[in-house]
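S.K.: One letter stands for each residue in the lines below.
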Amino acid sequence: MLITCPYCGPRDVIEFTYQGDGNRERPQPASQDLDAWNAYVYDRLNPAGDHNEIWQHSGGCRAHLRVVRNTLTHEISSVAFTRGDHKVAARHKAEGKL
Amino acid sequence: MSPRRTDAGGRIDRLRTIRFTFDGTPYTGHAGDTLASALLANGVTLFGRSFKYHRPRGVLTSGVEEPNALVTVLRGEVREPNIAATMVEIYDGLTAVSQNRFPSLAWDISAANQLGGKLLSAGFYYKTFMGPAIGPLKNTRFWMFCEHFIRRAAGLGRAGTAADTARYERMNAFCDVLVVGSGPAGLMAARAAADQGARVILSELEPHFGGSANWSGETIDGMPAADWAARAAGQLEGYDNVRLLPRTTVWGYYDGNTLAALERVTDHKERPGKGEPRHRYWIIRAKSVVLATGSLERPLVFPGNDRPGVMLAHAAERYANEYGVLAGNRIALFTNNDSAYRSALALKKAGAAIVAIVDVRPELSSEMREFADEAEAKILSGHAVVATEGGKALSGVKVQRFDMANGALAGDTRSIQADCLLMSAGWSPTIHLASQAGAKAEWNEALQAFLPPKATQRWIGAGAFTGSFSTAEAIAEGRAAGLSAAGGTGTPAALPVVEAVPGDPDPAPVFEIRADGESFVDFQHDVTAEDVRLAHREGFISVEHLKRYTTLGMATDQGKSSNIAGLAIMAEALGKPIPEVGTTRFRPPFSAVSIGSLAAERFGDLRPERLTPMHDWHVANGATMYSAGLWYRPMIYGLSGETIEQAYVREARTTRESAGIVDVSTLGKIAVQGPDAAEFLDRVYTNMFSTLAVGKARYGLMLREDGLAFDDGTTWRLGEQDFLMTTTTANAGKVMQHLEYFLDVIWPELKVHVTSVTDEWAGAAIGGPKARAILAACVTGTAVDNATLPFMGIVHGKISGVPVMICRLSFSGEMAFEVYSGAGYGTHVWEALIEAGKPFGLVTYGLEALGTMRIEKGHVTGAEIDGRTTARDLHLDWMLSKKKPFIGSAMMDREGLIAPGRLELVGLISLDNQPLNGGGHIVEALDEANPHDSIGHITACCYSPALGKYIALALVKDGKVRRGTRAHISDPLRNRFGPLEIVSNHFFDPDGSRMHG
Amino acid sequence: MVERQSPLEPAPLELELRTGSHGDFEHGIEVILSETRPGSILQLAAWPGREKELIAGIRTVTGLALPDGAGAGSTDGARSAFGFAPGKFTVVDEAEGLASAFANVVTPAIGTVTDLSHGRTAIRIAGPKAEWVLAKFFAIDFALPAFPVGAGRSTMHHDVFAQIQRTGADQFDIYVFRSFARSFWKALCHAGEEVGYEVQ
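Protein chains in written order, with full-length UniProt numbering: chain D, 1 to 98; chain X, 1 to 997; chain H, 1 to 200.
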């Protein structure tokens with residue numbers, strides 16, 4: 001499997017580390033909503049088809065990537081840095097952090 | 001002159017004689033021969049014994065698909081079994097032996113298995129090794145006793161026991177176009193793509209480029225096809241953008257157009273060149289792939305079809321045309337299609353007599369009849385071979401009238417004298433790689449073959465691979481595929497002109513002749529047509545189940561010659577057409593791959609290892625090195641005659657009495673820099689770091705998101721925005737990734753950079769009552785007294801002219817200091833410290849003494865932070881800040897993590913003065929015969945010089961409230977049982993008066 | 001000043017790792033291995049949006065103008081610089097003390113400077129078979145059009161992280177963690193045997 005790192009270009013999967021389901025939403029750090037934390041730490045979608053995943057290019061530039069991978073075909077339809085991620089950016093904007 | 005070598009012809013070098021042995025008998029051959037062609041030339045017909053029944057077998061094919069002629073090649077003490085004789089190029093001194101026979105190939109004792117053939121039918125292993133369900137041997141081990149012999153009788157070659165000293169390597173390659181197969185289609189594709197400027201790799205599993213052109217006897221552009229192919233390959237050699245890989249089998253097609261190939265670099269050489277690998281494992285990332293892998297001829301299934309002397313038609317044609325070897329002098333052919341007629345002509349031309357062509361088809365084209373006449377062969381159309389005669393070599397065949405509409409045999413059998421029978425059941429495209437890459441193959445009724453599936457990755461097929469079996473089609477498709485793969489359109493140019501023997505590519509839909517006797521479908525696994533039907537009768541109707549139950553297609557040849565016939569027989573039994581029965585998906589590897597090539601360079605002394613800056617000093621000064629992950633660390637610095645325990649006890653005792661020094665360069669070190677560094681550390685550590693003053697260090701604990709303990713270490717504040725974090729040696733990489741994840745994914749707004757600086761610093765920890773005096777004796781530029789360098793303070797100074805950073809912290813529990821210098825000065829500073837310590841009795845100590853002192857102090861490491869323990873379990877709850885959230889804070893108080901009954905850290909003292917074993921269990925009541933009811937386990941143990949006792953750390957259920965009580969170690973594996981006392985994990989100096997000074 | 005110790009010497013290295021010709025050198029030396037021992041190896045990292053200022057700072061201090069683009073770099077023989085990750089650059093100088101030269105150029109507002117002069121070992125591989133030997137280790141494309149002179153790449157061989165800069169048509173400088181340097185050097189020598197190598 002090859003993942004096209006936006007910085008390094010296409011690289012073999014051995015250079016990457018899977019860092020979990022990209023659909024997870026981390027609760028606010030001070031949140032005491034245990035259900036939300038449980039969902040974040042343990043709940044996984046495990047879809048048959050397109051899946052949002054976080055991969056780190058640990059054997060390259062070490063950036064984290066948001067990868068959409070089809071779990072049936074291994075086809076990767078998009079790769080982007082998690083930094084500059086619109087969802088994260090929007091959330092932080094809403095929280096007044098940006 | 002060899003008995004079967006033709007007087008002229010072939011592409012061997014008749015001026016070069018090669019000497020080799022087979023089963024100890026010396027033979028000669030010529031340069032360019034394979035072991036198979038050279039043995040055939042010498043009149044050898046018996047190559048091996050079959051897998052289950054030990055039936056005599058000859059050579060069936062001339063290539064990679066060979067199921068029968070498997071041999072073991074010996075190189076000195078190293079033996080490599082199960083090599084197809086058709087793929088072994090002979091060299092002077094080649095030593096090959098046959099397999100699966102005892103005492104000799106000709107007289108094999110286990111051949112008696114043939115007589116009991118019925119016993120070894122489909123599902124034999126499944127049925128047999130269940131053991132007798134009734135009778136006197138029920139529930140005995142009798143069958144297990146038999147299994148040993150049965151398994152030994154059935155099998156392939158024996159693996160060797162000598163270490164393989166050959167070198168194997170891995171090679172990464174990138175190209176625009178990978179062309180697999182170098183027949184006319186592949187050569188055209190490579191040339192077309194190369195002319196477009198594409199980077200091209202052309203791989204060929206045989207030694208010579210050209211594929212079928214090397215033996216087809218056809219004419220291309222007015223010259224023999226073989227010459228045309230040699231010229232084409234020669235031209236490609238002149239291209240800078242083309243890499244030619246002969247003897248290279250592309251065996252795997254993976255995601256992202258990544259292909260795996262095995263190059264046999266030196267197998268054909270008497271000895272490898274200096275530094276030359278035996279095999280090279282190529283990992284090829286191709287933008288697009290041209291599959292020009294050709295096709296494989298299929299055998300017919302009829303009684304006695306496995307007798308030595310029965311061979312595929314094209315194989316004999318190839319032996320004659322390419323190697324100048326006649327497979328027989330009186331040759332009969334048995335076919336369901338036209339291609340065998342070309343083979344007959346070629347063999348006639350080479351000097352053999354063609355005694356008959358038996359064709360299952362009642363009607364033949366006039367062209368085929370003319371070819372038969374030209375070959376002076378008797379035509380028996382509408383006939384079939386129903387038996388073969390002879391022992392270890394063929395002497396004749398029996399034929400009978402055959403009705404291909406219903407498979408019925410009629411009339412008298414007649415015998416034909418022949419020493420060789422060639423068969424052809426048509427051709428199957430070699431679609432393995434395409435199948436590996438994705439979708440299911442599609443059945444083509446006319447060709448009676450599975451054609452390549454629709455492309456799911458970037459590949460394009462050409463030639464026989466696509467079912468276009470003529471050379472003219474291969475040439476046209478090859479060029480088109482090459483152009484398309486390279487993204488070019490190209491100007492129309494004249495294609496090379498082919499003169500070939502014509503023929504209809506469509507075979508008759510006949511694969512099996514049902515008559516009395518064993519008809520083999522899978523030669524290598526000894527699976528007969530009757531086995532397939534038996535499997536069906538026993539209820540195995542799925543092709544996947546059929547395959548596993550009968551083991552059809554599961555031998556090392558992966559059913560290259562047997563798949564279609566097996567399917568056809570199954571389909572007939574089921575009363576369904578072949579496409580409804582379906583086919584199995586091909587899996588890598590296409591053909592056998594050496595394990596050595598997969599291990600490649602990560603083997604033996606080439607494994608990566610990490611050495612500290614002082615490594616050579618340790619080795620030169622008597623350290624016994626210990627591998628900790630990839631690192632090498634001193635375990636002890638033993639004196640002569642000392643045991644390990646004596647050495648570490650001496651080292652630890654001396655440290656506590658005067659001073660000791662240990663190399664701590666392996667600790668993970670991470671630079672945490674930036675305006676938000678302090679805030680970031682507050683979030684990742686359970687305790688506060690924003691309040692830490694510059695020039696001070698603090699011990700910190702990290703949790704995982706789920707609230708369990710993750711790692712601990714000290715972090716030093718070197719500047720307002722500049723921290724140096726230390727981690728445990730084992731977790732350095734994991735902590736780094738943890739920090740990077742949160743910065744990149746969760747808190748991208750934080751301005752923090754983290755960088756691994758583990759290797760930047762050499763670290764020496766010096767501790768003991770005399771440690772400060774030793775530093776005072778060698779450090780310049782700073783004082784090291786209590787006021788200047790208090791506990792957890794940091795100073796900068798110099799030792800022997802080298803800048804150092806000194807932090808006063810303690811793992812040993814003594815007054816101790818960690819001295820950091822640039823790694824390039826590590827040994828210099830270390831030696832200066834040793835020199836300064838001499839008058840004070842300074843001792844070097846290793847991991848064992850380090851561990852001993854940490855156990856005495858009750859500090860935790862990875863053995864206790866094991867992914868299941870919480871901060872509370874380890875009595876580190878004092879580090880959990882209530883003033884701020886941190887990673888893990890929300891989850892750490894979950895019900896199960898604070899419930900009673902958890903394993904908690906305790907100390908243990910052995911009461912029988914015997915060592916406690918790591919991993920041993922703790923029980924309340926001892927029961928040596930039936931150990932049970934563990935209340936915990938030992939994580940670390942040692943002899944404590946400070947206490948004069950054997951002690952341990954352990955995780956024990958409700959450990960805190962058990963302090964002061966007694967229990968037992970129960971370690972049945974090592975037969976260690978004994979009483980112990982449960983105590984606090986802080987064995988030694990619990991109030992820390994020694995380190996605080 | 002005390003001389004820095006290299007992880008490659010004065011170790012009791014095997015003969016074939018020492019200065020001289022080794023492997024199949026009778027058929028010609030096709031690879032030359034050396035340790036370049038730069039005085040300074042720095043990592044410069046810019047905050048998002050401040051990359052251009054950092055690149056300008058590199059030019060101010062070293063005189064090297066970095067082209068645009070991921071992995072772009074430049075070398076003048078004595079000094080080299082290349083990007084190895086988004087906003088991150090490796091800058092190398094023959095001389096020691098480069099960190100202090102950057103102290104006032106890369107301000108905390110722009111980014112950070114991390115001194116790795118001791119922590120990384122620089123190994124140079126040159127010669128017509130340099131690409132061939134490196135391809136045994138790294139799954140990246142070393143062909144000149146894909147990896148132009150001056151450019152840098154971050155990659156790994158098993159556990160060995162490596163930053164590689166192409167400093168000539170057939171010359172590469174490889175920066176590995178110091179602790180791995182000796183075993184990586186050994187592996188390079190081993191891989192170079194079939195083409196004949198010289199250690200300088």
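One or more hints might be untrue.
[Said to hold, decoys possible] Keeping only pairs whose Cα atoms sit at most 25 Å apart, straight-line, the calculated SDA-like set for lysine to any residue is:
#, chain 1, residue 1, chain 2, residue 2
1, X, Lys883, D, Glu25
2, X, Lys884, X, Leu630
3, X, Lys734, D, Glu75
4, X, Lys440, X, Gln457
5, X, Lys454, X, Lys734
6, X, Lys884, D, Asp35
7, X, Lys883, D, Asn23
8, X, Lys883, D, Leu34
9, X, Lys734, H, Ser100
10, H, Lys186, X, Glu720
11, H, Lys186, X, Val757
12, X, Lys269, H, Met156
13, X, Lys798, H, Met156
14, H, Lys186, X, Leu630
15, X, Lys287, H, Glu3
16, H, Lys186, X, Gly733
17, X, Lys576, X, Thr556
18, X, Lys798, H, Glu3
19, X, Lys348, X, Glu363
20, X, Lys882, D, Asp50
21, X, Lys454, D, Pro27
22, X, Lys957, X, Arg994
23, H, Lys52, D, Pro6
24, X, Lys798, X, Leu630
25, X, Lys454, D, Glu75
26, X, Lys392, X, Thr556
[Said to hold, decoys possible] With beta-carbon atoms standing in for the labels, derived distance ranges:
#, chain 1, residue 1, chain 2, residue 2, range
27, D, Gly84, X, Thr624, 34 to 42 Å
28, X, Gly490, H, Ala143, 49 to 57 Å
29, D, Asn38, H, Ala169, 36 to 44 Å
30, D, Tyr18, X, Gly197, 33 to 41 Å
31, D, Leu72, X, Met223, 48 to 56 Å
32, X, Gly896, D, Tyr18, 53 to 61 Å
33, D, Gly84, X, Glu679, 15 to 23 Å
34, X, Pro790, D, Thr71, 38 to 46 Å
35, X, Gly919, D, Gly84, 22 to 30 Å
36, D, Gly84, X, Gly801, 44 to 52 Å
37, H, Pro128, X, Asp23, 25 to 33 Å
These are computed hints drawn from the structure, not numbers from a lab. For every residue, glycine included, the Cβ atom is placed at its ideal position computed from N, Cα and C.
S.K.: Please name the hints from earlier in the document that this structure breaks, with their numbers sorted from lowest to highest.
M.R.: 2, 3, 5, 7, 9, 10, 12, 13, 15, 17, 20, 21, 22, 24, 27, 28, 29, 32, 34, 35, 37
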